[in-house]
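Asker: The lines below spell out each chain.
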Amino acid sequence: MAMGSAVVGMNRVSMFHQPRQFASQLTSRWVALLCIATAPAVLGQEPERSPSEDASPAAALFQEHCAKCHGKDGHGAGQPQRNLVDRKWHHGAEVTEIEATIGAGVAETEMPAWRDQLSPETVTLLAHYLLSLEAKKHGATTTPRGPQATRLTNLASANLSTATLPLPPDRNLIDEYIFGRLRKENIPHAGLCSDADFFRRIHLDLTGRLPDAAEVRTFLADQDATKRDKLIDKLLGIQYSAEPVPADYQAPWQVGEPFVSKWRYFFEDLFRNYDECSLDTSAFRNYLVGFLKSNIPYDVLVRDMLSATAVNSTSSGAAGFLVRQAAFVITHEDKCDQNNVYITRNFLGINLHCISCHDGSDHLDQINLWLSQKKRVEFWRQSAFLGDVHILRPGGQPYYVLVEGRRKDPRPDAPNQLGMAGFEFGPFTDPAQTDYRLDLLTYLRTPRDPKADVFPAFILDGAKPRDGLNPRHEFARMVTESQQFAKVAVNLIWAQFMTVGIVDPPLDWDLARQDPDHPPPAPWELQPSHPHLLDALADDFRKQHFNLRHLMRTICRSNAYHLSSQTPAGYEDRFDRLYSRKLVRRLWAQEIVDAILKATTVSVTEKDFSMNSKGPTRDVLVGHNIDLSRFLDTFGQSNRDTKEADTQSISLLQSATMLNSTMIKSKVLASTTGSRVAQLLTDYPPATWWEEDGRVARQILEELFLTTLSRLPTPGEVNVLLEHMRQHQQVGLEDVHWSLLNQLEFILNR
Amino acid sequence: MNPWIPQLTRREWLRVGGATVVGHSLLPTLRPHNVMAAETVKPRATAETCIFIDLMGGPSQLDTFDIKEGAWTPEDFDVQTTKQGTRMPVGLLPKLSERIDQYAIVRSMNFFENAHVRGTYYLQAGRIQSPARLGEIPSVGSVVAYESLANRKDDHFLPPFVSMNMDPFQLVGSGLLGATSSPLLVGQTQTIGNRLRAMDTSLPLLVSDAERPEFERRRDLLQRLRQEWHGGGEQTPRIFQDIDDYYHSAWRIMEDSRAADVFAIPAADHDRYGASGVGDACAVARNLVSADAGTRFIFIAQDGWDLHGNAYEGNDFFVDGKLVKGGWNQYQMCWDLDAALATLLDDLAQSKDPSGRPLLEKTLVVVMGEFGRLGGPLDGLKGRGHNEHAGVAVLAGAGVQGGVVLGATDALGGKVDTHGWHKDRPVYPEDILATIYSSLGIDWTKEILATPSGRPFQYVENTSPRGTIDFGEISELFG
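Keeping their order, the protein sequence lines are chains A and B. Everything in the first sequence is counted per this note's numbering, starting at 1 for the first residue and increasing by one. Everything in the second sequence is counted per this note's numbering, starting at 1 for the first residue and increasing by one.
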C-alpha cells in the first residue's frame with residue numbers, strides 16, 4: 001500500500017523520533033569536542049557543570065552506554081544496587097577492578113559484558129569517569145598524575161568511535177582477507193558482537209530456530225573462553241576440537257535435527273523439489289536429508305545427481321534433480337536444455353537462459369562480458385552431454401523414469417515413438433552419436449540448425465568427453481572438478497551466513513570479471529569483492545573434500561562473522577560489500593514461522609509439521625492452511641517452480657501481518673491451549689505477580705524476552721511492560737507477548 | 001557492479017519511486033529510472049481506474065458474446081435479437097443481454113498461446129513468457145501502479161493495485177518495479193469448489209470496530225516499548241528504521257475505518273452480485289472505485305471456464321469434501337458472470353463522484369480470457385478444446401461506446417474472418433493492453449531501459465511470437 005512520503009512523515013509519532021535525534025546530537029557533539037578535550041575535563045573536574053551536561057568524551061560515553069540503567073548522574077535511576085556514586089564498590093574500587101567489572105559484566109544481573117562492544121581504552125576512560133563522578137559527588141578530586149594522566153589525555157584526543165577500537169585478531173583465512181582489506185583501506189568497522197547477539201545469530205544461521213531460554217542463560221553465564229566455538233561445533237554435529245579442521249563428526253543418527261531441517265529446506269528450494277502434478281517429492285527430500293546427516297562431500301552429491309538413472313523416481317532420490325528440472329517440458333531436446341540451464345546455474349553459477357535461444361553477442365554486451373562472447377551452439381554442445389538421457393512420465397503416475405537410451409530409428413523424419421518402445425538402451429559411449437539433435441522443431445521454439453556441430457563440449461573450456469566413457473558421467477566429472485564449481489559452492493554458502501555474496505547475486509557470475517591479475521577492460525570492474533578470498537575458500541573446500549560442514553564452520557569461526565551489526569561512525573553503504581560489520585538479514589519465511597511457534601509454543605496445524613523433521617514444506621501447505629500459506633507468501637517463500645525464495649524484501653503487508661494476522665494474534669491468547677501465555681498464567685497466577693516488588697512479574701518478562709528475543713529486557717522495557725501488566729493483568733500479558741513478536745528485531749538476524 | 005547500468009541506492013530509489021512505501025529490498029538493487037517514450041502517440045486519458053476481469057480457463061466465445069446457433073445449441077440458451085440487433089444467449093446472459101448498449105464486444109480476437117499457464121501469463125504481462133526474464137517482467141497492473149505513484153495524494157490510503165481471487169502461483173508480480181507496485185492480494189483462488197463460497201476479504205490490514213480497542217491498546221504499548229529499545233542509537237542498522245516506517249504506514253491504513261468498509265460486502269450486495277466469488281470481487285471493486293483512495297488497477301479472476309467435457313450438461317465437483325452434482329457447466333459460469341458484471345456496470349453508472357460524474361465514465365472495465373474455444377459442435381467429450389484463433393473481449397466505461405461490436409468469426413465461430421477495425425488484422429492481447437494504457441493516460445510506447453537483464457522493458461512489446469506487429473489502441477471502441 002503506497003502512500004506519499006509526506007503522509008508517512010506526518011503520521012510518524014513524534015515522540016518516537018526523539019531518542020534517535022538525541023543520540024544523533026550526542027554523537028556529533030562528542031566527536032566535535034574530542035580534539036579539544038583534556039584529561040582534567042575528561043575526569044569531570046569543572047565543578048560548575050552537572051555530570052549530564054558534561055561534554056567530555058568520557059561523559060558522552062557514559063550517557064550513551066551507562067546512563068540508561070545507572071541514571072544520567074550515576075545515581076542508579078531509582079535502584080540502589082545500580083548507584084555508582086554511593087561509595088559502595090561491590091566489585092572493587094580500584095581502576096583495574098572497575099575496568100574488569102565493566103568488561104565482564106555482573107552475572108545474575110542485567111549488567112552486560114561490555115568487552116565485546118567497547119575497546120579496552122574506552123573501558124579505561126569509563127572507569128576513570130566513574131571514579132570522578134563519585135569524587136565530585138563527595139567533594140573530592142581525583143586528578144590522575146604522571147603517566148596515567150598522559151595516557152588519558154591521549155585517549156581522549158583520539159576518535160574513539162573508529163581508530164581506537166582495533167579490529168579483532170585474524171582467526172583464519174577469512175579474516176586475513178576481510179580484515180586485511182579493512183586495515184589497508186582504513187574502513188570504519190564494528191566491534192565484536194555480544195554473547196547474546198551471537199547466541200541468537202548462530203542458532204538462526206545454522207539451524208533456523210530460536211534457542212531455548214535456559215540455553216541463553218547458561219551460555220551467558222558460561223565463562224569458558226571457547227564457548228562460542230563449542231557451540232558452533234555442537235550445532236553442526238561436530239565433536240568439539242580447537243583445530244581449524246574438525247577431527248570427528250557425530251554419527252548421522254546423532255546429528256541435530258534443526259541443522260538438517262534448515263539446510264534440507266534450503267537445498268529443496270534451490271533444486272526446486274516441488275510436487276508438480278502430484279509428483280512424489282519425498283524420495284528427493286529424504287535423499288537430501290541423508291546427504292546432510294552423513295556429511296557426504298558436496299561434489300559426490302552433485303556427481304551422483306547428474307549421473308543418476310531410475311526406473312522409478314520415487315525409489316531413487318538422486319534422480320530427483322534431473323527429473324524435476326524437466327517437468328512440464330515436452331520435447332527431448334528441451335529437457336536436455338532445461339537441465340543444462342539449471343545444472344550450469346546451480347553448480348557453475350552462470351545463467352545460460354539467454355544463450356539457449358541466441359548468441360550472446362549483440363544481446364549481452366552490456367550485461368555479462370563472458371556470456372556476450374558465447375554462442376548458442378556452445379550451449380547446444382553442452383546440452384548434448386545429456387543427449388542420451390530420457391525422462392518420461394508414465395501417464396498419471398507420481399514418478400518419472402530416467403534412463404539412457406537412443407532412438408531406434410535415427411532418421412530425422414522418423415515417426416515420433418512415444419514411450420520406451422522407440423528407444424534402445426545400453427552403454428552408449430560414443431559422444432558423436434548422442435541423441436541430441438538440432439534438426440527437429442521443438443515445442444514453442446524456433447527451428448534449429450541441422451548443420452551445426454553439436455558434439456558434447458564443456459562450456460567453460462571446450463573439453464570433450466574421453467573416448468569410451470559415458471558422456472554424461474564425463475560432464476558430471478568436468479563440472480565437479482572445475483575450480484568454478486568449488487567457488488560457486490563456497491560463495492553460495494557464504495552468502496547465507498554473511499547476507500551478501502562475494503559475487504552477488506550468488507548465482508549470476510560473469511567469468512570474464514573474476515581475475516584481479518587480468519582485470520576486464522574499462523568500464524567493467526571486477527565482479528567479486530574479495531577475489532583472492534574466494535579462491536582461498538574454494539581451495540580449502542576442495543582440500544577438505546567438499547565438506548560442507550567444515551566450510552560453514554570456517555565461516556562461523558571467523559571474527560568477521562562475529563562482528564556486531566552496528567553501523568560505526570562514518571559508515572557508508574558501499575562498506576556493505578566489504579563486511580566491515582555483520583549485515584543484518586531478514587529471516588526466511590519458514591524461519592519466521594518456526595520462530596513464532598517456538599516463542600508461543602503453539603503449532604500451526606494439528607499435524608504440527610513445522611516443528612518436526614518435515615518442516616513447513618510447500619506441498620503440504622497449498623490449499624490446506626490458508627493462514628499459514630498466506631503468511632509464508634507474504635514473507636516471500638519460494639513456490640519451487642516459477643518463484644525463487646525472496647529473503648530480501650520488507651513490506652507494509654509484512655508489518656501488517658505481524659501486527660494483525662491470525663497467525664500471530666491467536667498464538668498469544670491465554671485461551672489458546674498450550675500457548676506460552678497460558679502456561680505462564682498457570683505457573684504464575686496474576687495474584688502473585690506483584691509480591692516482593694513485582695519479582696514474579698519481572699520473572700515472567702525475563703522468560704518472555706529470553707524465549708522470544710533471546711535476550712534480557714532493558715530496565716526501560718521492564719518499566720513499560722510492568723506498567724502495562726499492572727493495568728491490564730491477563731490481557732496485558734497477551735499484549736506483552738504480542739508486542740515482543742512485533743519488536744523490530746524479531747524477524748531479523750543481526 | 002555493472003558499469004553500464006546506472007546504480008541507485010535504495011534510499012535514492014525510494015525518492016525516485018515517489019517515496020512510496022509498500023515494500024522494498026533490503027539490499028541496494030537496480031531500479032528503473034530512465035523511462036523513455038517515443039512520444040508519437042497521444043493517450044486518451046479517459047479512465048482513472050481499470051477493472052480487469054480475467055475469465056480464466058478460456059471462455060467459449062460462441063457460447064457467450066459471439067453466439068453461433070447450430071444444431072448443437074440447446075434450446076434454453078434462448079438466443080434472441082437484442083434492441084441493438086445483436087444476437088445474444090438470453091438464457092445464459094439474461095442481464096447482460098438487456099444491457100447490450102452498455103458495453104462493446106470485440107469478436108476478432110487472436111492469441112499467441114493455447115496453454116493455460118502461458119496464456120494466463122500473457123494476459124497479465126502482455127507478452128510471451130521468457131524464462132530469462134521471469135523475474136523482471138512486471139504485470140500490467142504493476143505498470144499502472146508504478147505510473148500512478150507520482151500522482152498519489154495524501155488521502156490515498158489504499159494500494160494502487162488490488163488483485164482478487166487470483167491463484168498466487170499464477171500471479172505475475174511487480175518484477176523490476178519492486179514492491180511499491182506489487183498487488184495487494186485479496187480473496188481465495190477460484191477453484192470450482194470455491195465458486196459458491198463468499199469471498200474471504202479478511203486482510204491483516206483491516207481492523208474491525210470490535211477489534212479497535214485492542215488494536216489501539218497494543219499499538220500504544222508497542223510504540224512505548226520501541227522507544228526503550230537500546231539498539232545503539234545512531235549506530236542501529238538502518239533496516240530497523242525502515243521496518244518501523246512500514247509499521248507506521250500499516251497503522252495509517254489500519255487506523256482508517258474506511259478501509260474496512262471498502263472490503264466489506266453487505267449481504268444485500270452479495271445477493272445482487274450473484275452470490276459468487278466473482279460477484280463479491282466485483283462488489284469490492286465497486287467499493288474501491290467509489291472510495292477514490294488511490295487504487296488504479298483491479299484484477300479479478302473468475303476461474304472455471306476450461307470446459308473440456310460436458311460443457312452444457314454439467315460436471316460434478318466437490319465442496320468441502322461434499323459432492324455437488326452437475327453444477328459446473330457453461331450455464332453456471334455465465335450466470336455468475338452475468339449477475340456480477342451487470343450489477344457492477346449498473347452500480348458504476350448510478351454512483352457519482354463529488355463533481356456529479358458517474359463513476360463508469362472514468363472506469364474502464366475489461367473482460368476476457370487467455371484464449372477462445374474451438375467452434376462448431378461440441379467435441380467427443382461434449383466440450384470444446386483450446387483455440388488461439390478466436391475469442392472475445394468485452395469492454396465498457398471510460399468513453400467506450402456501448403453497443404459497438406467489432407469483427408466477426410466464421411459460421412462455426414472458431415476462426416476470425418472480419419477484423420472490424422482500422423489495422424485490419426485480428427485484435428491481439430497487446431492491442432487491448434495499449435487500449436487500457438491509453439485510456440488510463442499512459443503512453444504505451446514507453447520503455448524502461450535500465451533493467452536487471454539489460455534488455456529494455458517495453459510497456460507494449462512489438463516483437464510478438466509471430467514477428468513484429470505494430471500494436472496499438474483500438475480507437476473504434478470509443479465514441
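Accuracy of the hints is not assured; some may be wrong.
[Claimed, not checked] Below are the EDC-like pairs computed for lysine to aspartate or glutamate, each with C-alpha atoms no more than 20 Å apart in a straight line:
1) K68/A - D86/A
2) K665/A - E214/B
3) K68/A - D167/B
4) K382/B - D292/B
5) K665/A - D209/B
6) K643/A - E136/B
7) K464/A - E378/A
8) K665/A - E216/B
9) K643/A - D167/B
10) K72/A - E214/B
11) K665/A - D353/B
12) K665/A - E228/B
[To be verified] Chain B side only, calculated, beta carbon under 7 Å to chain A, not exhaustive:
13) S208
14) A210
15) R218
16) E228
17) Q235
18) P237
19) Y246
20) G356
21) L359
22) V394
Hints were generated in silico from the structure; no laboratory data involved. Please read all numbers here as calculations on a predicted model, not as lab measurements. Glycine included, every Cβ here is placed at the ideal spot set by N, Cα and C.
Asker: Taking the hints in turn, state whether each one holds.
Answerer: Outcome of the hint check:
Note on K68/A and D86/A: the hinted pairing holds, with a Cα-Cα distance of about 18 Å set against a maximum of 20 Å. Restraint check for K665/A and E214/B: satisfied, since their Cα atoms lie roughly 11 Å apart, inside the 20 Å limit. In summary, the hint linking K68/A to D167/B is not supported, as the alpha carbons are separated by about 50 Å, beyond the 20 Å threshold. Annotation: proposed proximity of K382/B to D292/B is violated, straight-line Cα distance about 46 Å (limit 20 Å).
A distance of roughly 16 Å separates the Cα atoms of K665/A and D209/B; the hinted pair therefore holds under the 20 Å criterion. For the hint pairing K643/A with E136/B, the CA-to-CA distance comes to about 11 Å; that is within 20 Å, so the pair holds. For the given pair, K464/A sits about 12 Å from E378/A by alpha-carbon distance, which is consistent with the 20 Å threshold. Between K665/A and E216/B, the direct Cα distance comes to roughly 14 Å. Compliance with the 20 Å bound is thereby established for this hinted pair.
Taking the CA atoms of K643/A and D167/B, the gap is near 13 Å; set against the 20 Å cutoff, the hint holds. Among the hinted pairs, K72/A with E214/B is inconsistent with the structure: their alpha-carbon atoms are about 35 Å apart, more than 20 Å. The suggested pairing of K665/A with D353/B is violated, with an alpha-carbon distance near 38 Å, which exceeds 20 Å. Pair hint K665/A plus E228/B does not hold up; C-alpha atoms about 23 Å apart against a cutoff of 20 Å.
For S208/B, the suggested interface contact is broken, since its CB lies about 10 Å from the closest CB of chain A, more than 7 Å. Annotation: A210/B was flagged as interfacial toward chain A, and the flag is violated, the nearest CB pair being 13 Å apart, outside 7 Å. For the restraint placing R218/B at the interface with chain A, the shortest Cβ-Cβ distance is roughly 5 Å, inside the 7 Å limit, so the hint holds. Checking E228/B against chain A: minimum C-beta separation of about 3 Å stays under 7 Å; hint holds.
Interface hint at Q235/B: satisfied, since its Cβ lies 4 Å from the closest Cβ of chain A, which is below the 7 Å cut-off. At a threshold of 7 Å, the smallest CB-CB gap from P237/B to chain A is about 5 Å, leaving the interface hint in force. Given the 7 Å rule on beta carbons, the hint for Y246/B holds: about 4 Å separates it from the nearest Cβ of chain A. Because the smallest distance between the Cβ of G356/B and any Cβ of chain A comes to about 27 Å, over 7 Å, the interface hint for this residue is violated.
Using the Cβ-Cβ criterion of 7 Å, the hint placing L359/B at the interface with chain A is not satisfied: the shortest such distance is roughly 22 Å. The interface hint given for V394/B is violated, since its Cβ lies 28 Å from the closest Cβ of chain A, which is over the 7 Å cut-off.
The structure fails to meet hints 3, 4, 10, 11, 12, 13, 14, 20, 21 and 22 from the earlier list, while all remaining hints are met.
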